[in-house]
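K.L.:
Sequence:
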Amino acid sequence: MTDHDRSNIDSAGDLHALLNQVMNGTAQQRQLEELFEQLANDSSVVLDSVNHFEVGTALRESVNLNDSLTTIVSADRRLGRRNSTTERFRIGLIGAISALASVALAMIVGISLMLYDPAPPVAGKLVGLTADAKWAGKAYVPGDLILERMTATLDTGIASFELNGGAIVSIQGPSTIEATSGGETKLFHGLLHAVVPNRAIGYTVRTPDAEVVDHGTEFAVERGDEFGTRVVVKQGRVIGRMLTGSKLFYDLVAGQAMEFPPDAASPRELPNSLDMMPQFTMFEKARDGISRTRGIVRTASTPPSDLQTGQSRTDNFIMLIRERRNFQLETDLVIRQWDGPVTIPQGTKVDSYLLHFDPGPGSFASPVGAIDFHQPVLAVAVTTGDLQATDFLYDQSIARFPSENTRGLEKKDDLLEVSTDRKTLNFRITQGLPNALDQCRILVRSEDLGSVPFGAN
Numbered sequence: 001m002t003d004h005d006r007s008n009i010d011s012a013g014d015l016h017a018l019l020n021q022v023m024n025g026t027a028q029q030r031q032l033e034e035l036f037e038q039l040a041n042d043s044s045v046v047l048d049s050v051n052h053f054e055v056g057t058a059l060r061e062s063v064n065l066n067d068s069l070t071t072i073v074s075a076d077r078r079l080g081r082r083n084s085t086t087e088r089f090r091i092g093l094i095g096a097i098s099a100l101a102s103v104a105l106a107m108i109v110g111i112s113l114m115l116y117d118p119a120p121p122v123a124g125k126l127v128g129l130t131a132d133a134k135w136a137g138k139a140y141v142p143g144d145l146i147l148e149r150m151t152a153t154l155d156t157g158i159a160s161f162e163l164n165g166g167a168i169v170s171i172q173g174p175s176t177i178e179a180t181s182g183g184e185t186k187l188f189h190g191l192l193h194a195v196v197p198n199r200a201i202g203y204t205v206r207t208p209d210a211e212v213v214d215h216g217t218e219f220a221v222e223r224g225d226e227f228g229t230r231v232v233v234k235q236g237r238v239i240g241r242m243l244t245g246s247k248l249f250y251d252l253v254a255g256q257a258m259e260f261p262p263d264a265a266s267p268r269e270l271p272n273s274l275d276m277m278p279q280f281t282m283f284e285k286a287r288d289g290i291s292r293t294r295g296i297v298r299t300a301s302t303p304p305s306d307l308q309t310g311q312s313r314t315d316n317f318i319m320l321i322r323e324r325r326n327f328q329l330e331t332d333l334v335i336r337q338w339d340g341p342v343t344i345p346q347g348t349k350v351d352s353y354l355l356h357f358d359p360g361p362g363s364f365a366s367p368v369g370a371i372d373f374h375q376p377v378l379a380v381a382v383t384t385g386d387l388q389a390t391d392f393l394y395d396q397s398i399a400r401f402p403s404e405n406t407r408g409l410e411k412k413d414d415l416l417e418v419s420t421d422r423k424t425l426n427f428r429i430t431q432g433l434p435n436a437l438d439q440c441r442i443l444v445r446s447e448d449l450g451s452v453p454f455g456a457n
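Numbering (the UniProt record's numbering), first residue to last: 1 to 457.
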């Protein structure tokens with residue numbers, strides 16, 4: 001090797017340039033020989049080389065900490081040298097690089113564990129939404145999971161949640177809640193309604209003023225800055241207490257109501273608890289007979305008066321309208337389903353629902369969803385003829401129905417499926433012109449156990 005060759009790496013800049021050539025695979029055999037000679041004779045070159053390879057590899061590959069080691073080994077193989085002294089040095093160098101890579105990997109793993117922030121557990125899911133519901137911020141649809149510590153604000157309408165603990169919790173806009181857990185909800189403002197089965201006893205509602213613990217009941221909590229927190233019990237029992245001031249517990253039973261003021265003043269019993277009964281009815285209508293919905297289904301708390309094309313638009317949702325409850329058929333009712341005719345005998349008590357889909361030009365959500373009922377589905381009217389024959393189930397004093405012959409569903413385009421236990425209806429409706437409006441009527445056995453047994457042909 002000439003002195004001129006050796007001078008090529010006399011400076012740090014020359015060394016780094018050569019190391020870059022090694023990493024890029026463009027170094028010549030003469031340059032590799034020169035590098036290994038310098039590595040064997042100068043420990044400072046060893047340290048510089050290791051640092052350069054590690055930094056370069058990190059920049060190029062980000063996570064592949066073995067590339068610097070691979071670079072040295074590949075270059076060494078191309079050189080083809082097997083001098084014993086150099087070989088021992090190379091083995092030591094490779095060991096040093098491996099040790100550094102292991103330390104770097106351990107540091108990356110440690111930092112990753114420190115930065116890892118798992119998603120909070122699920123508190124429940126959204127199971128119902130009225131047609132007039134509007135969210136502030138993120139919009140939720142039935143079936144969406146609700147995470148613990150998640151805050152949701154509803155501007156208008158009613159939203160219903162099924163918590164993991166078993167409670168069914170509904171809010172009416174404007175309201176803001178935090179799903180603290182599957183057994184607790186924070187109500188910052190607005191109106192909350194809860195139906196709590198036995199397995200969910202202990203469900204708790206917290207407000208800025210009070211804590212309300214359920215003992216198997218149906219109750220409502222209202223929160224406002226001007227009056228504080230109001231609690232009304234429809235049935236069962238709850239225990240309430242102030243969060244500040246009085247440490248007393250207040251046992252409230254069906255028909256009782258109490259107000260917990262925001263200024264730490266003593267709670268007072270409200271004499272007119274019946275004033276809130278219409279609100280219980282409103283929440284009941286929003287979910288009456290329905291266990292849960294999924295997809296873009298929304299319920300109508302008040303049946304629309306005009307169902308003609310373009311009069312009750314359902315942009316980005318499908319409307320489920322409750323028609324009749326516990327209606328006793330005066331004659332046999334034959335429904336011509338796609339899979340064959342079904343006869344519901346005279347005297348059977350039914351609940352009826354109308355599924356109404358009338359999207360406008362700006363509707364883009366896929367019309368897919370499912371409805372879970374408390375009782376089994378007896379039949380589904382899908383043809384225009386059967387819809388017209390059963391329109392008597394709608395409130396005739398307000399109803400105006402579509403006149404099109406394409407009012408029903410189209411077998412070749414749409415899909416309806418009833419579950420094995422007949423309590424779930426799954427559907428997919430094709431959206432398109434000229435048959436944009438689609439309807440079907442769902443007949444469900446009433447919860448009245450005195451109904452005549454159902455039979456089908």
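For the record, the hints were derived by calculation from the structure and aren't laboratory data.
Just to be clear, a hint being listed does not mean it is correct.
Straight-line alpha carbon distances no greater than 25 Å define the calculated SDA-like cross-link-like pairs of lysine to any residue that follow [as the list claims (entries may be wrong)]:
hint : residue 1 : residue 2
1    : Lys125    : Arg206
2    : Lys412    : Gln431
3    : Lys349    : Glu284
4    : Lys138    : Glu162
5    : Lys411    : Ser363
6    : Lys285    : Asp263
7    : Lys234    : Val213
8    : Lys423    : Asn405
9    : Lys134    : Val213
10   : Lys234    : Ala436
11   : Lys349    : Ala370
12   : Lys411    : Glu447
13   : Lys134    : Lys349
14   : Lys247    : Lys285
15   : Lys423    : Ala370
16   : Lys247    : Asp263
17   : Lys125    : Phe188
18   : Lys423    : Asp372
19   : Lys138    : Ser363
K.L.:
Give a verdict on every hint.
P.N.:
Status of the hints after comparison with the structure:
Taken as a hint, the lysine 125 and arginine 206 pair is honoured in the structure, with Cα atoms around 19 Å apart against an allowance of 25 Å. Taking the CA atoms of lysine 412 and glutamine 431, the gap is about 13 Å. The hint holds against a cut of 25 Å. Our distance criterion of 25 Å between C-alpha atoms is met by lysine 349 and glutamate 284, whose separation comes to about 20 Å. Under the criterion of a C-alpha separation no larger than 25 Å, the hint pairing lysine 138 with glutamate 162 is consistent with the structure, at around 19 Å.
In summary, the hint linking lysine 411 to serine 363 is supported, as the alpha carbons are separated by about 22 Å, within the 25 Å threshold. Using a Cα cut-off of 25 Å, the hinted pair lysine 285 and aspartate 263 is violated, with the two alpha carbons roughly 35 Å apart. A C-alpha spacing of about 15 Å is found between lysine 234 and valine 213, which places the hinted pair at or below 25 Å, so the restraint holds. Pair hint lysine 423 plus asparagine 405 does not hold up; C-alpha atoms about 29 Å apart against a cutoff of 25 Å.
For the suggested pair lysine 134 and valine 213, the alpha carbons sit about 29 Å apart, so the restraint of at most 25 Å is broken. Taken as a hint, the lysine 234 and alanine 436 pair is broken in the structure, with Cα atoms around 43 Å apart against an allowance of 25 Å. Simply put, lysine 349 and alanine 370 have alpha-carbon atoms about 23 Å apart, close enough for the 25 Å limit, and the pair holds. Of the pairs offered as hints, the one joining lysine 411 and glutamate 447 is violated, with about 30 Å between alpha carbons and a cut-off of 25 Å exceeded.
With a C-alpha separation of about 35 Å, the suggested pair lysine 134 and lysine 349 falls outside the 25 Å cut-off, and the hint is violated. A distance of roughly 37 Å separates the Cα atoms of lysine 247 and lysine 285; the hinted pair therefore is violated under the 25 Å criterion. For the hint linking lysine 423 to alanine 370, the alpha-carbon distance of about 10 Å falls within 25 Å, and the restraint holds. Of the pairs offered as hints, the one joining lysine 247 and aspartate 263 holds, with about 14 Å between alpha carbons and a cut-off of 25 Å not exceeded.
Between the alpha carbons of lysine 125 and phenylalanine 188 the distance comes to roughly 20 Å, so the proposed pair stays at or under 25 Å and holds. Note on lysine 423 and aspartate 372: the hinted pairing holds, with a Cα-Cα distance of about 6 Å set against a maximum of 25 Å. At roughly 18 Å between alpha-carbon atoms, lysine 138 and serine 363 fall within 25 Å of each other, so this suggested pair holds.
The earlier numbered hints that this structure contradicts are 6, 8, 9, 10, 12, 13 and 14.
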